[in-house]
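*Asks:* Protein chains in written order, with our numbering: chain A, 189 to 598; chain B, 189 to 598; chain C, 8 to 362; chain D, 8 to 362.
Hints in this document: simulated from the structure, not taken from any laboratory.
Note that the structure is a prediction, hence the values are computed from the model and not measured.
Errors might be hidden in some of the hints.
Straight-line C-alpha distance at most 20 angstroms; calculated DMTMM-like pairs for lysine to aspartate or glutamate [what the hints assert, rightly or not]:
(1) A:K194 x B:E479
(2) B:K194 x A:E264
(3) B:K194 x A:D312
(4) C:K48 x A:D391
(5) A:K194 x B:D229
Here are the chains, one letter per residue:
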Amino acid sequence: MTDAAKLTFHVPEPELRPGDTPDFSHVTIPQAGSVRRPEVDEHPQEIRDLAFSIIRVLDREGRAVGPWAGTLSDAELVEGLRHMMTLRIFDNRMMTAQRQGKTSFYMQHLGEEAVACAFRKALDPGDMNFPTYRQAGLLIAGGYPMSKMMCQIYSNEADPLKGRQLPVLYSARDHGFFSVSGNLATQFIQAVGWAMASAISGDTRIAAGWIGDGSTAESDFHAALVFASTYKAPVILNIVNNQWAISTFQGIARGDAGTFAARGHGFGIPSLRVDGNDYLAVHAVAKWAAERARRNLGPTLVEYVTYRAGGHSTSDDPSAYRPKAESEAWPLGDPVLRLKAHLIATGAWSDERHTQAEAEIRAEVIAAQKEAEKIGTLHTGRHPSPREMFEDVYAEMPPHLLRQRHETGF
Amino acid sequence: MTDAAKLTFHVPEPELRPGDTPDFSHVTIPQAGSVRRPEVDEHPQEIRDLAFSIIRVLDREGRAVGPWAGTLSDAELVEGLRHMMTLRIFDNRMMTAQRQGKTSFYMQHLGEEAVACAFRKALDPGDMNFPTYRQAGLLIAGGYPMSKMMCQIYSNEADPLKGRQLPVLYSARDHGFFSVSGNLATQFIQAVGWAMASAISGDTRIAAGWIGDGSTAESDFHAALVFASTYKAPVILNIVNNQWAISTFQGIARGDAGTFAARGHGFGIPSLRVDGNDYLAVHAVAKWAAERARRNLGPTLVEYVTYRAGGHSTSDDPSAYRPKAESEAWPLGDPVLRLKAHLIATGAWSDERHTQAEAEIRAEVIAAQKEAEKIGTLHTGRHPSPREMFEDVYAEMPPHLLRQRHETGF
Amino acid sequence: MPKCRRTSCASATRRGSDMARMTMVEAIRDAHDVAMGRDDKVVVFGEDVGYFGGVFRCTAGLQAKYGPSRCFDAPISESGIVGAAVGMAAYGLKPCVEIQFADYMYPAYDQIVSEAARLRYRSAGEFTCPIVIRMPTGGGIFGGQTHSQSPEALFTHVAGLKTVVPSNPQDAKGLLLAAIDDPDPVIFLEPKRLYNGPFDGHHDRPVESWKTSPLSEVEEGWCPIPLGRANVVREGGDLTVLAYGTMVHVALAAVAESGTDAEVIDLRTLIPLDVDAIVASVRRTGRCLIVHEATLTSGFGAELAALVQRNCFWHLEAPVLRVAGWDTPYPHAQEWHYFPGPARIVENIRAVMEA
Amino acid sequence: MPKCRRTSCASATRRGSDMARMTMVEAIRDAHDVAMGRDDKVVVFGEDVGYFGGVFRCTAGLQAKYGPSRCFDAPISESGIVGAAVGMAAYGLKPCVEIQFADYMYPAYDQIVSEAARLRYRSAGEFTCPIVIRMPTGGGIFGGQTHSQSPEALFTHVAGLKTVVPSNPQDAKGLLLAAIDDPDPVIFLEPKRLYNGPFDGHHDRPVESWKTSPLSEVEEGWCPIPLGRANVVREGGDLTVLAYGTMVHVALAAVAESGTDAEVIDLRTLIPLDVDAIVASVRRTGRCLIVHEATLTSGFGAELAALVQRNCFWHLEAPVLRVAGWDTPYPHAQEWHYFPGPARIVENIRAVMEA
Ligand SMILES: Cc1ncc(C[n+]2csc(CCOP(=O)(O)OP(=O)(O)O)c2C)c(N)n1
Ligand SMILES: Cc1ncc(C[n+]2csc(CCOP(=O)(O)OP(=O)(O)O)c2C)c(N)n1
Ligand SMILES: [Mg+2]
Ligand SMILES: [Mg+2]
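Generate the whole structure from the sequences, applying the supplied hints.
*Replies:* Here it is as structure tokens:
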């Protein structure tokens, strides 16, 4: 076919790069309350549309509207707000600590606090999350001690992971928080395996897998969907679409699909898309998915639409690849401000109480930090013994490791 | 949630196992000609239905009907019939040769001949297939010498692959046939890479990837869809759904999805499902997909619905896991008989010509076999020199391999 | 086999009525059965493993006996199989999965190396990964480059994994039981050429069956063989031959043909390695030959040679030699030129003895 | 560095105006630029490689200069990246791809081992795979277990691959040019601790920059360094130290501190290995120490030790010793206890000398 036109190569590009003026006016944001809430056992084919919309509860005036509203009391919402505020202040302190050389590395959640904080409250004790590095909200909202998190970040003597792991790669079994891997996506299929195990055991506990938009390109994302779909595993498969994967915009991973939620359609898995900056919507959708899992109806895929307002990590400066003010232009707003506005609107909260809460939380975080720093930071204070380096490779130390530890003199 | 019912574990099972009476009456087969033929540039969203139907051209009376009919002349169809007959006789001879110990292993195409044979005719010279082990029809329909195929199967001195590869893992660059890998699914993303390279180079050639139903569970299937969708690669992604993956029925790989074609929907890739036992339908759909690719419109996913009528390989006996007569009950019939009936109906063919053609083809195949066997079979005759074992590991033999070859005395 | 000494799960006192003759396939099946019967937490899955019982039949009958929740078919996704197993282990089950051929473990390599092997370490023991990953390994069946590989060195380099290679039905059962019982991930490589009979490398002689070998006497019930202990399968003073899997039989044949009084050690477990047994033997014999099917360069033989020269330097009377697969992919037609058969081993025994 | 001898891309005659000072990052970028400018078939892609220019900036500026068809961002799918590269190579392009960290190569391992490495062989030369897979390797940056690994032995065991590890900007450029030019797949491991300056293991001393090192003098333009040739970076008679990557610098520092007159060889290419250079040196010195960051067991040092004892047996006056990472995952806080620093090397130099 020599008369065919030459092929050309297509590389998706974000619309905006440094220097451009942020503009999200072309992004269609459905009105809060406008997306229906199907029964949990409705056939996945019948709810295809939910993967192409955005489930939202909080409207512009801060009112909770529509069929997804009403899953939480005001008291619970105030607690949720405090969790998000805590996470933000925690992040803030740790970003600074990293700059001060107290740790090697940190990753914050700025702009995404609602996702993990609200999700956590839809789970029951005993359920297990398989998180990535950006779900510390699960720990905060689950009441895990902040000083313990900081000890991990500082790799000090009280680090529950004995200094072995990169900062923020927590593990907290009793808090339903699986050990975070540095390798992307591996946890997604593990979550499915855990859920399969629960079903095999005739248990009632369910699992939740977590993955970022960029990481959905990894193979284990596919493995997870294949296994979840095949064995109808009681698992919630969460995609946190914060628009960016380090310097790469979501279009590189999503390709020509309308949304990440659509990935579920190839597997007959009910797939929902939700406003990730809306604490109430996240919670309601998580509850819905958890009920499906617990009623043995199988997996649910959820895409949380949010925005990574900060850098990817302390090693990253996003101004090199996106407009500086892009995050402010982000049309779904800030999760903390939105929930605050809602609670003020309902009368359960006020600016004064907010300011006061902020001060209280800051004090708590600082107290936790002091406690952790009393023990040590990466380069100061007390650290796990180098002996620890040789422990836990196996349950029992084999002769060759004993020999090596001996060589070190520890 | 201690009041929740216990979870139970779900393992999909085929409806029928050995001893059961085959029954496909619940399988809905759309009427030939009933599925519309969209423009090649129609939006994937608009043709979602094509992934859940079956495009068919040949009706029960052997007539070619509907919008997908008419892509081939009678002469071309006669040629196609001869290709399928050739492949079937070739398979037959090689199955016997394996039982006679002339080779270690063989894999046949019984019941699936139309897929690769018809597809081949939709490509242009220079296009590249990335096949699995069950697409020898591409070689037969492309005029590759049968004796060369047999020399590969016999690993004899004239084996183009110098005895290095397992039988049927052919390679034929000049015939647009990429070296078959023993590792499932790896070729699917490679096909996308080849297509990307063609686009990068401003070429006009396109690629086709091939995969079995069972192998779609592998990670590289996902990688292929992600890359094809992202870079709009000029590639046709073929899934041959022959219902079985060794002993495992398609439900284990497909899970809760309606069809394999549906997998494309998660990626915004136009996805078609076609009667794989209908030579005309396969060709028409392949043509459509090829045109999309060549017009720089990007990838197409095609699921060919067919049935593996024989064992998985010469090492397999399907009566251990499925009813013996299942293949006869298969509602899409036999591709050779269906095309034959059509050509007889149009007057382009007759029972006599068929019988005569069969005899001619058998003679051709036997002649090719004689030619190959004159050179050698796995354990008799002339073989590639053991020296060949050390060649082609690298373009130039590095010192350590030279030393090893020297050690062998060759 | 003169001077043959064996330690196995069949303890002397229990010999007799509670022994059965089994092929290696049957012994592996039996180990599964015993482990599943003893512990509900043991689940078995893999490609074609459920209804059909595995392409080598190692799991035949288990689904019928224990139900599809305990033994089931998996999609063709090695990373999915191992990834799901890691999650199940984190839950508290003890998955024992099959990779259809060792050659197909690569898609699962990330889950094995980055996840299974490091989970206990990275979580400081909070989560553990007691899984067994079985895979048929090695050549000798005209399987070509994707049904013949011996990738053990790709596991022995990974901290956190144990790697086991049995050479006979007794060991296969006992070691598999120990592997399933082990609190850590174990790679269990099954020499497929030994599934149905021993093989001494003389491919042109009639096929042997396990039925006539004393090594097919397998104790019934729960009879684990501890990981980490080598087995001296032939005592001798002239040199020490280190081997595992199929090569144990080939080495024994070669030793007999060479007329040397070699000590032959079946390593059985590569990690943890029985260094003491190796060192004690080589210090006594002063000479060492290492045999494996895997490609030579960076094969496990390299580690063995490095350890031996390090620990036995002053006792060595000749360089440690290695006989291994050539540094090429495993070819199909040239199988017997590739396979390190008795002739090549005899030649190298001579070289070690004459150095 | 007394008695320092180097062969590099900077031939004596061309020294002068056509030299530039570069960090290793700049040298790698320059090699890409030269290769892309010279040959349209060279395409570069990987995660964050396009617009941003790579998390270590090794491809910065290439997309702007050559356009997004020649240098582009890839989805986070290592198997996709390598799999697509294999297909592109089969088409006739010469892809040079980046895996963001060597620790993340495992998802691509199947495509590397089963496909790239064996394509020429299995197709009898009909299809070839001239690809380069670059990946930052090694520790020393507090990267924890998933940003510190040295997986070279997982490549050296695979027939069909070449494995390269440069230790300075000159070599990085020259070897990368040769790798891109090579007709076969090359694994190019870039010691990330050396990206911006040399590092001798004294982590408590001020960070050094390449700017003051003569090794940052990099020839401009096309200046490949042939693969397969080691570099004697310090001549000496007491013992031979074999190292590559970061450990070359650490070994040199340790040698200086030990006061021995060691010969230090920078292997540069692990496969094909410059066995002749190693054997010649060890036969002369009679002693050998091997140093690498990767875990000890089944590391590339095992192969080196096996080769050295085999080829230099009658010349060796002491066992070959290895200094390496411990057989544990790479820990975060204990980095400097894990890293084989100068003190450990000095100790082992003493042990080799005193044996
Ligand atoms: C297997 C693997 N490949 C690459 C990386 C490097 N890496 C770390 S985070 C990241 C981006 C992930 O983006 P996304 O999934 O969107 O998550 P986000 O950071 O936005 O939360 C990359 C490429 C890795 N950790 N693991
Ligand atoms: C990575 C990998 N895993 C497993 C196998 C073993 N295997 C070979 S063919 C096959 C079944 C493939 O079934 P399908 O994809 O449906 O193709 P079909 O044989 O039906 O044409 C399996 C499991 C393999 N070759 N490669
Ligand atoms: Mg993201
Ligand atoms: Mg199939």
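*Asks:* With reference to the structure, classify each hint as holding or not holding.
*Replies:* We went through each hint and held it up to the structure:
no. : hint            : verdict
1   : A:K194 x B:E479 : holds, 13 angstroms
2   : B:K194 x A:E264 : violated, 28 angstroms
3   : B:K194 x A:D312 : holds, 15 angstroms
4   : C:K48 x A:D391  : holds, 13 angstroms
5   : A:K194 x B:D229 : holds, 17 angstroms
Hint 2 from the earlier list is the only one contradicted by this structure; the remaining hints agree with it.
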